[in-house]
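Q: With the hints as extra help, turn the sequences into a complete structure.
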Amino acid sequence: MSETAQQVAAAKAVPPGDGPSGLAGAGIAANTVPGRTTGGSSTRTGIIAIIVLLALFAVPFVANTYVVFVVSLTLVYAVSTLGFNLLVGWSGQIGLAHAALFAVGAYGSAIGVEYGIPFLLTIPLAGIVAAVLALVIGFPAIRLRGFFLAIATLALGMAIVELLTMARPLTGGGGGMSVNVWSLPGITTAASTYFVVLAVAAIMFFLMRRALLGRFGRTLQAVRDLGQLTGSLGVSALRYRLVAFALSGFIAAVAGTLYGQLQTFIFPAMFQMNLLVPMLVMVFVGGAGSMWGPVVGAAFAIVLIEFFQDLGDQQAIAYGLVLMLAISVLPGGLTSLARRVGDSRFMARLRRREVAE
Amino acid sequence: MLQTIVSGLESGSWFALLGLAIVVVMKAADVPNFAMAEMGLVATYVGISLAAAGVPFWIAVLATLITGAVIGVLIDIALMRRLSSYGHFPLLLMTIGLTLALNAVVGLIWGHDPRSFPAPWTGAAVQIGGGVAIGVSQIVSIIVGLIGAVAITAFFRTQVGAQMRAVAENRSTARLIGVSAGRLSAIAWAVGGFIAAVTVMLQAQSALVSTLSPASLIIYGFVAATMGGFTSLLGTFVGGLALGVIQQFVGAYISSAVQFSVALLVVFLVLILRPEGFTKGMVLRDV
Amino acid sequence: MLLEIEDAHTGYGSIEVLHGISLHVDEGEIVTVLGPNGTGKTSLMRLLSGMLPLWSGRITFDGQELGRATPDKRARMGLCQLPEGRGIFQTLTVGENLDLGLATRRIPAGEVKATRDRVLDLFPELAGRLAEPASSLSGGQQQMLALGRALMSRPRLLLVDELSFGLAPRVVRDLFAVVSELRETGVTFLIVEQQAAALKVSDRTYILRGGRNVLTRDSTELLESDELAASYLR
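So the sequences go chain by chain: A, B and C. Going by the numbering used here, the first sequence opens with residue 1, and the numbers climb by one from there. Going by the numbering used here, the second sequence opens with residue 1, and the numbers climb by one from there. Going by the numbering used here, the third sequence opens with residue 1, and the numbers climb by one from there.
Hints in this document: simulated from the structure, not taken from any laboratory. Just to be clear, a hint being listed does not mean it is correct.
Example chain C residues on the side facing chain B (calculated, C-beta under 10 Å, incomplete) [said to hold, decoys possible]:
id, residue
1, G50
2, P53
3, S56
4, I59
5, T60
6, P83
7, F89
8, T91
9, R105
10, V187
Footprint (simulated), chain C over chain B, 3 or more residues, beta carbon under 8 Å [stated by the list, open to error]:
id, segment
11, 142-155
12, 172-180
Since we're looking at a predicted model, the values are computed, not measured. C-beta: ideal position from N, C-alpha, C; glycine also.
A: The structure is reproduced here in structure tokens:
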């Protein structure tokens, strides 16, 4: 057992003065900076969180509709990436059905509202439907290694989007459907949607932070690292992988419900590779396995998308080249840069906890 | 009926060949190359341009094949190799970025209009009984597909091929005993690019190709690879052919709109019933 | 001096496992590293093969500092390994496994056949089964195949990790007989073992405990003295 524990530790942290180890996982460059004291950082994080939340709360009162929309979209993508990152970064499984599960959220909520279910209730309901679906996807895929899992989940995700196209009576088929936008009385629809998005995002981040910094997050990582080293896992480890699938599906769909509200009109083609690729970019840029990376990744992707929107025909090549350049220069993601210069309070704390046990 | 089967075997040969290209790179370099069809497209367009400029057909073909192999090696050396120590995720994303970029480059240089790579036999047909005619280009696709499958199988039985299988079985042990992973991955990318060029060229001598065609070709190639469990060459080849025939029958007797869904259904069934590929257990020793 | 390790430190993550190992192997020697489980023997092997980075200290092989050379680069330099758990590829045939040794490209094309014949003379049990899958071999035969493959890579120094692992004593004796036979042909060995049986064929022995050297002796001297029991077997 001691040997295994050593190996897990090996996969988790990189020896001092050395680059990425040969045991690197699914893009997790867990460069740690030992010896940094983080006393009282929990209160500090709390204070920062409250300040950020207040600042975000003020956005609709000071900014124009476009900015409110962009910030809303960023938050929606950040929530979605939170779930994707849980799967790819924390549990080390490259599942590629995320865009489809996101679509399930958007469609589930829109259809639910049409059938008279209150919008706010459709958020958790669509999440649960997607979680079950994610379990169905994850179950055959869970024993597949690395890229096989990626291909299998990609195909299943595509199948879901195909089904949405075929279920014409419910979804309007390839032509799409419009979404009933829910709004709080007394304020503009944009502001109302924004507050819903903000509230949901805050709740999701709070819950995920608690879960990932606690035993659940550590077990997920241990399962991930063990899987990479031994290639095979016991039943309880497989169960954890399935839980990660379900949870990430739930979060994807929750983000999807909000996405539908923002877009007000949805169609299946929105949820294909053209969404999956930016989603992957967000996880990558944010740094797989990091806590606040999803926000950074989402903001980066939005800026990129908005920036390249006006380039027309050259958009794809620019997008592809920027992506390739980013991966070449920073294989550990944009946040690995920050980590490299020493800001690794989260990882250091995580490591301290491990050593303490 | 016969015509449908032949058309199915023709497109099935393309799927099978691209699937084999994917499997070769997967085995030796451990990368699922989403850009495989685009690599073939770039090479084919180079060949088409040369042929249009008056270069003799077979020289243009040779140039296409060499271009495919060279693109493969360049991608490996310039982009992929340095990422391998960072795990699967950046590699996957890199091939996706490459797909976008290569496709856009083709669109920028050659435009988005469909093109073909006419061979001396393009348009010719063989009459068989009952008024049924089979295109010579269809026969060429099927025969080249078969030759390709046999050649790749033979390749995996050479010393270098055995090293690739060793790497596929256990990468770190293979390196410990001196197998150079970098050299092997360059060879695999060259072979992959070569086969991809063959595939898209076969497609272009029989039908039209454009910047839109790689998207479906790569999916069907991955379906074929999935049917072989990403390791079995036989499974991938037979799977590709079967997929082509199924597609044609679905298109002819049900609707071409559900062809894609049927392909996804095939993947789903394979994964549920035989996640290691459908030839697993049917062959004693697979390469 | 073929291999020299000076004050080597390494470990996993932030946990140091080897706290300053020093040892050397001369050309033509058989050197044993002995120690119970968890003393850092396997880490030492991984360090030498390049799977673990050297934190501090120096490793020189044949006068060249190894630095960060990758495992396959080291094998091509002649620092070959008989991997832990034999490392036979089950999906390959016996013959293909044997020829994997050629991956180091240290044997000129003209000598390949002669080398293969010599290896098969050494292990006649393998000769008739070259076309069979390696998975059909017994444990002892797989270890022979691993040794044969290592010889096909023409090593200057062969690192052997637990030759005796999971094998019957008789088989182990035979294998060690082959080892001493090979030494006559100019192969140098560094053998990591749990079993003291290795001492009978080796010239010098290092004993590791807790990631440090605790003892270095002439092997026969060590076998006859009670130091072995005192420092290791307790």
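Q: Look at each hint and say if it fits the structure.
A: Going through the hints against the structure:
Hint status for G50(C) relative to chain B: holds, with the closest Cβ pair at about 9 Å, below 10 Å. Restraint check, P53(C) versus chain B: the minimum CB separation of about 12 Å is more than 10 Å; hint violated. Here the hint on S56(C) is broken, as its CB sits about 22 Å from the closest CB of chain B, past 10 Å. With a cut of 10 Å, the hint placing I59(C) at the interface with chain B is violated, because the nearest CB-to-CB distance is about 16 Å.
Below 10 Å, beta-carbon pairs count as interface contacts, and T60(C) has none with chain B, the closest being about 20 Å; its hint is therefore violated. The interface hint given for P83(C) holds, since its Cβ lies 5 Å from the closest Cβ of chain B, which is under the 10 Å cut-off. The beta carbon of F89(C) is positioned within 10 Å of a beta carbon in chain B (closest approach about 5 Å), and the interface hint is therefore held. Interface hint at T91(C): satisfied, since its Cβ lies 5 Å from the closest Cβ of chain B, which is below the 10 Å cut-off.
Hint status for R105(C) relative to chain B: holds, with the closest Cβ pair at about 8 Å, below 10 Å. Contact between V187(C) and chain B, as hinted, is not supported at the beta carbon level, the nearest pair being about 15 Å apart and thus beyond 10 Å. Judged by the Cβ-Cβ criterion of 8 Å, the segment 142-155 of chain B is not covered by chain C as claimed, because only 0 of its residues qualify and three are needed. For the segment 172-180 of chain B, the stated coverage by chain C holds: 9 residues have a C-beta nearer than 8 Å to a C-beta of that chain, and at least 3 were required.
Of the hints listed earlier, those the structure fails to meet are numbers 2, 3, 4, 5, 10, 11, in rising order.
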